[in-house]
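Engineer: Let the hints inform the model, and build the full structure from the sequences given.
Number of protein chains: 4
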Amino acid sequence: MIVVMKTDATPAQIDHLSREIEGFGLKPQVIVGTHQTVIAAIGEERAGLVEALEPAEGVEKVLPIMAPYKRASSELKRERTVVKARDLAVGGNRVAVIAGPCSVESEEQIVALAIKLKAKGATGLRGGAFKPRTSPYSFQGHKEDGLKMLAAARAETGLAIVTEVMAPEHVELISKYADVLQIGARNMQNYQLLQAVGDSGKPALLKRGMSATMDEFLLAAEYILDRGNPNVMLCERGIRTFEDHTRFTLPLASVPYLQDKSHLPVVVDPSHGTGKSKLVEPMCKAAIAAGADALIIEVHDDPEHAMSDGAQTITPAAFATLMAKCRRVAEAVDRGL
Amino acid sequence: MIVVMKTDATPAQIDHLSREIEGFGLKPQVIVGTHQTVIAAIGEERAGLVEALEPAEGVEKVLPIMAPYKRASSELKRERTVVKARDLAVGGNRVAVIAGPCSVESEEQIVALAIKLKAKGATGLRGGAFKPRTSPYSFQGHKEDGLKMLAAARAETGLAIVTEVMAPEHVELISKYADVLQIGARNMQNYQLLQAVGDSGKPALLKRGMSATMDEFLLAAEYILDRGNPNVMLCERGIRTFEDHTRFTLPLASVPYLQDKSHLPVVVDPSHGTGKSKLVEPMCKAAIAAGADALIIEVHDDPEHAMSDGAQTITPAAFATLMAKCRRVAEAVDRGL
Amino acid sequence: MIVVMKTDATPAQIDHLSREIEGFGLKPQVIVGTHQTVIAAIGEERAGLVEALEPAEGVEKVLPIMAPYKRASSELKRERTVVKARDLAVGGNRVAVIAGPCSVESEEQIVALAIKLKAKGATGLRGGAFKPRTSPYSFQGHKEDGLKMLAAARAETGLAIVTEVMAPEHVELISKYADVLQIGARNMQNYQLLQAVGDSGKPALLKRGMSATMDEFLLAAEYILDRGNPNVMLCERGIRTFEDHTRFTLPLASVPYLQDKSHLPVVVDPSHGTGKSKLVEPMCKAAIAAGADALIIEVHDDPEHAMSDGAQTITPAAFATLMAKCRRVAEAVDRGL
Amino acid sequence: MIVVMKTDATPAQIDHLSREIEGFGLKPQVIVGTHQTVIAAIGEERAGLVEALEPAEGVEKVLPIMAPYKRASSELKRERTVVKARDLAVGGNRVAVIAGPCSVESEEQIVALAIKLKAKGATGLRGGAFKPRTSPYSFQGHKEDGLKMLAAARAETGLAIVTEVMAPEHVELISKYADVLQIGARNMQNYQLLQAVGDSGKPALLKRGMSATMDEFLLAAEYILDRGNPNVMLCERGIRTFEDHTRFTLPLASVPYLQDKSHLPVVVDPSHGTGKSKLVEPMCKAAIAAGADALIIEVHDDPEHAMSDGAQTITPAAFATLMAKCRRVAEAVDRGL
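Residue numbers (the working numbering), protein chains in the order written: chain A, 136 to 472; chain B, 136 to 472; chain C, 136 to 472; chain D, 136 to 472.
Worth double-checking, as some hints may not be accurate.
The list treats identical chains as interchangeable, and a pair is accepted whether it falls inside one copy or across any two copies.
[As the list claims (entries may be wrong)] List time: in silico BS3-like cross-link candidates among lysine-lysine, alpha-carbon distance up to 30 angstroms:
(1) Lys396 x Lys253
(2) Lys251 x Lys337
(3) Lys162 x Lys311
(4) Lys196 x Lys283
(5) Lys413 x Lys337
(6) Lys460 x Lys212
(7) Lys205 x Lys162
(8) Lys212 x Lys278
(9) Lys162 x Lys253
(10) Lys251 x Lys460
(11) Lys162 x Lys278
(12) Lys162 x Lys219
(13) Lys460 x Lys278
(14) Lys141 x Lys283
(15) Lys253 x Lys212
(16) Lys337 x Lys255
(17) Lys205 x Lys251
These are computed hints drawn from the structure, not numbers from a lab. All of these numbers come straight from a predicted model, not from anything done at the bench.
Structural biologist: Have a look at this one:
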């Protein structure tokens, strides 16, 4: 950690900071510059240290040096993590595809759809049973009935079930049915939920919060990892910016960035990431070219009558075309699909 | 609702949309423009309707007309809501001040501080017992012990206790001690939590999510109101933007905007909104001048040794000065403090 | 255009608006809704109309229906524009590559580099002679001498010269040497400059402003097109968001979006778009997979000693690898490179 | 400057960096940390140094210590700058008010309006003669005729004329009529223009770019100051964020921040900053409470028929009320108006 002193900091203030740094178990090294003095604090940087030193008198700013996450870091664990749930494997050579409707609507619907998705190469089935909705007046999901419908689709196809969990008290129930627990963007910093999913040991698909930095995203993963659950997938699903021609802005540079900083596999969600069905296919291809380990895509037999998210949902026919095209891109970057 | 058809939409597509709109119980009115046809859908706009109509063929975009929130809207309830908890009243003529440390650290600390804050005019005492922290390695709060310390401070001073609740399962416990349940920015769309706070009937201080639009913010309030709890305060605490000289960007135009659209009172948090103690006083004055109904401010006896958020915390001495200055600004806009 | 009246708008206000709309040469059609009246204004939407109607009493908001740009729109011109300058052709089946240093430093440097770039498949040579720099104390470019160095590199290789023009009064001089005039992100709304480049008739590479919406970007192109210069390339170079792990956020969904709304070709700049040399290759591949018509890439023999932008610059060796990999991705989306 | 080396940086890389730092005339000091080595570079930090060192092998990141601006910094010049033009004085105890229409429309209009504004306490008259417009089809201003109309209004009232200059070649012409040259947000990084305004010696009102950081804003001012023109006013006019209920987000914390870092006076533009006439008065009061040295406000006799920006323009009657209210707030912070 580097403590930058103000240009008019007094020797007493510099001394005081040095003693504070020692008090935290670090070794201070004072560097007298042309205009300002800086103090390097040598040792293990702990969370909260920046906050602790910044308010002291004479301090201009405190610059952390080390990444704040540990277990998620590629420095601690060099080999890449592969998260597995049935035939779904995310993080290996093959790009995985998780597909399905925004909300599970009926058993008939989900089973028929799952068969089509499996036939085109999906290995995971997404579908919401507990739905977080911006408005209290929107459809909130079929809850446990929805989970049973997903289980029926799995019984038929073997696809791994990926479904969202919205509250710690639902983890146990949803774990009975699901293969992968999805944590939604709006819950990325719901720490009780992260810990409950960590305790469950179930594979987790953690969506990036719509205004989360990379450090915050990896620290959210850290909450799960820290409970002894190593099976975390990071999912880029778009961020909120000033752009208004898409629902969110999908920043694909986060894929190679995360893969460099962390050993965890990276999933991309071009459905939420764009909010427009027409943009899903090009962004799926782009995500694979950027190195994504998996895609998660909203597919519905009749997007116009989907109970949620119709505007960003594609049909099974469009999904079939997309898979064929994505397979070619995957091969061009030496991966399967 | 206005459905804008593409320039090359066919008569069959326009017909189809009209029937869809009727199917939702609205009356379609087709307007043939110079380049494009638009269809006005007359009747009650329900949540999910935009989503339902947007994916249909021939549709360019769907424009909602009505605000998506109802109970929070000033159109339904014209007189302004005043939320009361002990001597704390937010929404009336007097600007209320809630102050206290980021985290409750010890009974001695909180009682001594509460006495000082009360003496300078605070009517609410803030203090975290359950702390949401970005890193799992940061101090997470004293939990129920912290609540007891807050209760001791209330017993001494009569200040209303404002403290954060992070999970639905904590609502009952925290309600035993707190006068106001705070919902943090990261939980603004934790719907289970909103509903649990709604069910509790306790006054709620709802912080704006760091990337929430005004509609999303008011819809989050709607989740609480919809459970029959009318005691909701809206708290602007800053948004995430590209700015890096402050921790967040504090957009005060949201104060008069929210007061125009909603009958709910508006609180401003300049401590989180700027992240810098030096900027707290000017932004408190600005918030009052913009019409804020209350302020929530982080104060600590020794910010340098606070267990969290030291950089944005002010001392009791600075708080005393701030109160004197804010009182003059409040009077200049015909309010007390 | 749709004028949404307030819920308490009076008949007199509605009448007034209708007459205003007629005054602008449009036909008003009043639609009485359940809660609110809206007025559809039928006819040609002109710039400034929204602004003109919004302040009238009783108006809640004004919603434009038509795109504000005309000549850039794919509705007016269906076949795609191909911009050509020597062997550089942007917009056809083959993905074009423009490469070179941030700043031209010496004739020797630029000629030697151009030979290497040409050998690997580049058809355009980028290089700054007039440099817009955030600080007045940074290197500002070799100016006309730099242009002569670029011309020498073209004489040797035949590569088309792409270089930035920063002011209207430089257009004539730079046009003597350059094949393509680049308009930088910071000048996207420098209208005098856009018009001067429009008047020159030279192919233009227009960079997206770092906080420009798609409509603003296409309207900036409209300024050039409106002067009778059809040779405009749109360049996505990243936007400013809260993200801090990259220099900018590169939103590739703008590629298919722009290609849908406009007939103009789309170039992507992954060097500025990420600011990190390590992320250039994955984002080049992603851009091609998303459908980009061209790439513009910063290459320097010795990035560590480049006079500007070293951190995002790659070496000729890295460029050779990148070209080989990008060629495979281009083929996977049925394009050449 | 602090160079942070990667955890696996080799001694040779650390040596190499040390020599590079010496090559730039600074003194390297190597600090061996628990996980990483950092090198402090002692001496004058020049522009371009970060860029130069970052691409070197073994470097994780480079952290600058000193502010990149010099002449704008309050460290170099402690007493606050007061910019004067006729009766307009910005930066002293009295809060100045510059008011007027977005565009100058006719001599009759501007003279009549100027008389009203002066009567209520304005000391500056704003009005656009050369208008930068997003669309080439919008009204572009009356140009020199508009300047003459402004001069007529000054002859009648003595108000200082503040008008925008859009291109370096217009500086001479506009300087003949105007008292203050305004540089618009879209031109904040038009360096030719900044230099031309610097050379003119005329007082300059520099608007913040809609996505400019504070450092970039102050560096733009530096371009003017560096030409020997000390008369620069910094104008906060709102930034672009995800917020869509206002035209821009007006971040008032920039007022005390800029006043701390710089000696230049700070102006706030609540008209562009909110885009809504209804929000202008509360944000004017808030700006004064936050410490603004001046306000710039759009006023028009008939906003509904203004040739531009009607939605954010207030009437002379509203201006009179606003001035009375703002005067009270100014007094509450010990300033006049």
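Engineer: Now look at each hint and say whether the structure bears it out.
Structural biologist: Going down the list of hints, with the structure as the test:
1. Lys396 x Lys253: neither (33 angstroms within a copy, 34 angstroms between copies)
2. Lys251 x Lys337: within (26 angstroms within a copy, 49 angstroms between copies)
3. Lys162 x Lys311: Neither way: Lys162 and Lys311 sit 50 angstroms apart in one copy and 45 angstroms across, limit 30 angstroms.
4. Lys196 x Lys283: Close neither inside one copy (54 angstroms) nor across copies (35 angstroms); limit 30 angstroms.
5. Lys413 x Lys337: Classified as neither; 34 angstroms inside a copy, 33 angstroms across copies.
6. Lys460 x Lys212: between (34 angstroms within a copy, 28 angstroms between copies)
7. Lys205 x Lys162: For Lys205 and Lys162, only the intra-copy Cα distance (21 angstroms) is at most 30 angstroms; the inter-copy one is 33 angstroms.
8. Lys212 x Lys278: Neither. Shortest intra-copy (38 angstroms) and inter-copy (34 angstroms) distances fail the 30 angstroms Cα cut-off.
9. Lys162 x Lys253: neither (58 angstroms within a copy, 41 angstroms between copies)
10. Lys251 x Lys460: So Lys251 and Lys460 pass the 30 angstroms test inside one copy only (17 angstroms; across, 33 angstroms).
11. Lys162 x Lys278: Neither. Shortest intra-copy (54 angstroms) and inter-copy (33 angstroms) distances fail the 30 angstroms Cα cut-off.
12. Lys162 x Lys219: Answer is neither: 43 angstroms inside a copy and 51 angstroms across each miss the 30 angstroms cutoff.
13. Lys460 x Lys278: neither (35 angstroms within a copy, 46 angstroms between copies)
14. Lys141 x Lys283: neither (62 angstroms within a copy, 40 angstroms between copies)
15. Lys253 x Lys212: neither (33 angstroms within a copy, 41 angstroms between copies)
16. Lys337 x Lys255: within (26 angstroms within a copy, 48 angstroms between copies)
17. Lys205 x Lys251: neither (41 angstroms within a copy, 41 angstroms between copies)
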